[in-house]
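Participant: Sequence:
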Amino acid sequence: MKKFRPIKGKYTYFVRNIARLSRTHSNEEKITLPNGSISNVYTGLFINNEFVDSVDRKVFETINPSTGKVITSVAEASDKDVDLAVEAAENAFNDVWCHVDGKERGKLLNKLANLMERDLEELAALETLDNGKPFHSAKANDLPGAISCYRYFAGWCDKIHGKVIETQHDKFCYTRREPFGVCGAIIPWNYPIEMQAWKIAPALACGINLI
Numbered sequence: 001m002k003k004f005r006p007i008k009g010k011y012t013y014f015v016r017n018i019a020r021l022s023r024t025h026s027n028e029e030k031i032t033l034p035n036g037s038i039s040n041v042y043t044g045l046f047i048n049n050e051f052v053d054s055v056d057r058k059v060f061e062t063i064n065p066s067t068g069k070v071i072t073s074v075a076e077a078s079d080k081d082v083d084l085a086v087e088a089a090e091n092a093f094n095d096v097w098c099h100v101d102g103k104e105r106g107k108l109l110n111k112l113a114n115l116m117e118r119d120l121e122e123l124a125a126l127e128t129l130d131n132g133k134p135f136h137s138a139k140a141n142d143l144p145g146a147i148s149c150y151r152y153f154a155g156w157c158d159k160i161h162g163k164v165i166e167t168q169h170d171k172f173c174y175t176r177r178e179p180f181g182v183c184g185a186i187i188p189w190n191y192p193i194e195m196q197a198w199k200i201a202p203a204l205a206c207g208i209n210l211i
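Going by UniProt numbering, the residue at position 108 of the sequence shown is 108; the numbering climbs one at a time, nothing skipped.
Heads up, a few of these hints could be off.
Unchecked claim - List of simulated lysine-lysine pairs, DSS-like, C-alpha gap at most 30 angstroms:
1) K111 <-> K69
2) K171 <-> K159
3) K103 <-> K30
4) K139 <-> K107
5) K30 <-> K171
Don't read these hints as lab results, they were simulated from the structure.
Use the sequences and the hints to build the structure in full.
Facilitator: Written out as structure tokens, the structure is:
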């Protein structure tokens, strides 16, 4: 396997994990979309910036609601996996993410929105398979809504400020907004790709990371 030369600098952590993501994983599946094209998807848990099997190797089937057929099997998380995810998120927060300035966070959120726009057709097809809604609805509503959400909060990244509060002449009063750590996000089934954006985008914009 090709070795990646260490890169020193402000975002070494991100570069190292992007290199890790570029490698082949055993939990990668090829999904046939309704138009006959093939989509490569990962079926593992996304922990510490890589897709991994669950600790106990349990999986569950994801079903196409329109046909009742199995799409694939995906990793089933347990409390042990949650603990690992929280630990990884805390380390990433303390080591890197809480130190990334607002301008850079905005660039990263906009980059994610750009990638979603690039792959809109494929993402909409996957959403349709998994969710059962019409393709045109996912393409015209869910994906654009998620992309708009990321762009909206990208614009907020460098505009989250504290304030100076008027008080007695010999006192100085101010507020300061700081990221507080890791948060957990739970979403329902009906708008998954849009609802994840509603959770992820504001958290990342504020310098918080989440599981």
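Participant: Does each hint fit the structure? Answer for all of them.
Facilitator: Checked hints:
no.: 1; hint: K111 <-> K69; result: violated (35 angstroms)
no.: 2; hint: K171 <-> K159; result: holds (26 angstroms)
no.: 3; hint: K103 <-> K30; result: violated (36 angstroms)
no.: 4; hint: K139 <-> K107; result: holds (24 angstroms)
no.: 5; hint: K30 <-> K171; result: violated (64 angstroms)
Going down the numbered hints, you'll see the structure goes against 1, 3 and 5, while the others check out.
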